[in-house]
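Visitor: For chain F, the structure is supplied; the task is to place chain A on it using the hints.
There are 2 protein chains.
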Amino acid sequence: MKIVLLGSGNLAWHLSGAFYEMKNEIIQIYSRNIENATSLAVKYGATAISNAELLSNNADLYIIAVSDNAIEQILKKTDFINKNVVHTAGSVSISVFNGKATNFGVFYPLQTFSKDRAIEFNNIPICIEASNEVFNKFLIELARQISNNVWQINSENRKILHLSAVFACNYVNHLYTIAEKILNEKEIPFSILHELIKETAYKALEMDPINAQTGPARRNDIEVLKKHLDLLSSRPELKKIYELLGRDIYLNYS
Amino acid sequence: MKIVLLGSGNLAWHLSGAFYEMKNEIIQIYSRNIENATSLAVKYGATAISNAELLSNNADLYIIAVSDNAIEQILKKTDFINKNVVHTAGSVSISVFNGKATNFGVFYPLQTFSKDRAIEFNNIPICIEASNEVFNKFLIELARQISNNVWQINSENRKILHLSAVFACNYVNHLYTIAEKILNEKEIPFSILHELIKETAYKALEMDPINAQTGPARRNDIEVLKKHLDLLSSRPELKKIYELLGRDIYLNYS
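Going line by line, the protein sequences match chains F and A.
Just so you know, we're using the working numbering here: the first sequence kicks off at 1 and counts up by one.
Just so you know, we're using the working numbering here: the second sequence kicks off at 1 and counts up by one.
Think of the hints as simulated: they come from the structure by calculation, not from any bench.
It is possible that part of the hints are untrue.
Since the list gives no way to pick out one identical chain from another, each pair is judged satisfied if it fits inside one copy or across any two copies.
Stated by the list, open to error - DSS-like mimics (lysine-lysine), calculated; alpha carbons at most 30 Å apart, straight line:
{"id": "1", "residue 1": "LYS76", "residue 2": "LYS226"}
{"id": "2", "residue 1": "LYS198", "residue 2": "LYS100"}
{"id": "3", "residue 1": "LYS100", "residue 2": "LYS83"}
{"id": "4", "residue 1": "LYS186", "residue 2": "LYS198"}
{"id": "5", "residue 1": "LYS198", "residue 2": "LYS43"}
{"id": "6", "residue 1": "LYS186", "residue 2": "LYS227"}
{"id": "7", "residue 1": "LYS239", "residue 2": "LYS186"}
{"id": "8", "residue 1": "LYS23", "residue 2": "LYS227"}
{"id": "9", "residue 1": "LYS226", "residue 2": "LYS115"}
{"id": "10", "residue 1": "LYS23", "residue 2": "LYS115"}
{"id": "11", "residue 1": "LYS137", "residue 2": "LYS77"}
{"id": "12", "residue 1": "LYS227", "residue 2": "LYS239"}
{"id": "13", "residue 1": "LYS100", "residue 2": "LYS77"}
{"id": "14", "residue 1": "LYS77", "residue 2": "LYS198"}
Looking at chain F on its own, in the form it has when it is part of the complex:
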């Protein structure tokens, strides 16, 4: 299959790699920044372009893997009439393509991607939505090329899914960052938390997070909570986060 990829960010980087490995041909990489497009295109012998008017007419599939608000900007400059096109955004409805494409849909891999970290697509949930039944089958086949974890999720539920992923991934990672910052001030290495972080994740998967909750807020251990707030007295933002999450845990179990 001949694929054109629009975007050069973390997801574009990994997705193009996964399709290339499955013997598809990446023929073009589009990015507003030609250098970014080039650094990805050279990996596949693809052409790099920064002008949407230069998009090939001959691809079997156009994958728009850009930030959410950039999707509409691309669709202002070009259309995908008589073409197959998907976007990969959690929070953008399939209807963004209305009047702008013939076979259109969403191909949303639910994972966190960073350029400098290799990742296996095998188990990543791929969430599919399509404008018609034939294209739906096309997208399911496509998703199964790279993953055995394919879901059909409509636009409304995909938004909810994306929101839940922000809590379970982006915000979780930020709490790790806060923990590291607190430790580093006392020159305690972050690695001391590694086992705890792994067990916390596995526990939530195996026994459900609502049953896995432990700690002073869960026990409503006022003395410990007070000590921790005192330790954070010079960091009002962290204190607020500590209080708000602690209170929400307490309310959840009282």
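Guide: For chain A alone, kept in the frame of chain F given last:
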């Protein structure tokens, strides 16, 4: 070694099991609630007591594994003069034993424990502090019986460690709970997030959380952030948590 365990909560449960497996003798379990003491004592052929005055005089070690504020209550009722005693609390200073014990210290396993989940102690960091050098060696030997990850951490740093663990474990788990709640309202199974949760944890361990951050707040993607806040409009508490963490991420990278 003959061990008396004070406490019958999650940590007491797992710690007594770990020492028992290493061929130590658990001779007594104390709990304010005799039924709780009994349910643990029967596992080891130990005596269950709920009156601190009945504590044996013949143990090689007394382990106080109760909630932080209950430690002082126990020390009001009894002392450990001419005995070896530790508590297991992250946020209680070693000085709680001053005038109340001869050889005293802290034995703090940095992990999240739930009674109905088996756990290997092997890699769990055990944080040791002791009132004197001889007892320090005693505690290190003891810790090495059950783990090959032994640290010496003083009371001040242990408090910081405990605080960081609340963020990296208790609060992380609460974010998982929030994600599950949001999904369940739309009847989307929590399992769809499993791969994301695992990868988020491993990424933070392998590339440092500050470098692993992704998502709309990191990119300052105002449109997505606004959509997510709209989705949370009927849940003011979650909206506040979303805003506060999102803002803190943005400030961290701007």
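Visitor: Of all the hints numbered above, which does this structure not satisfy? Sort the numbers upward.
Guide: The structure conflicts with hints 2, 8, 14, although it agrees with all the remaining ones.
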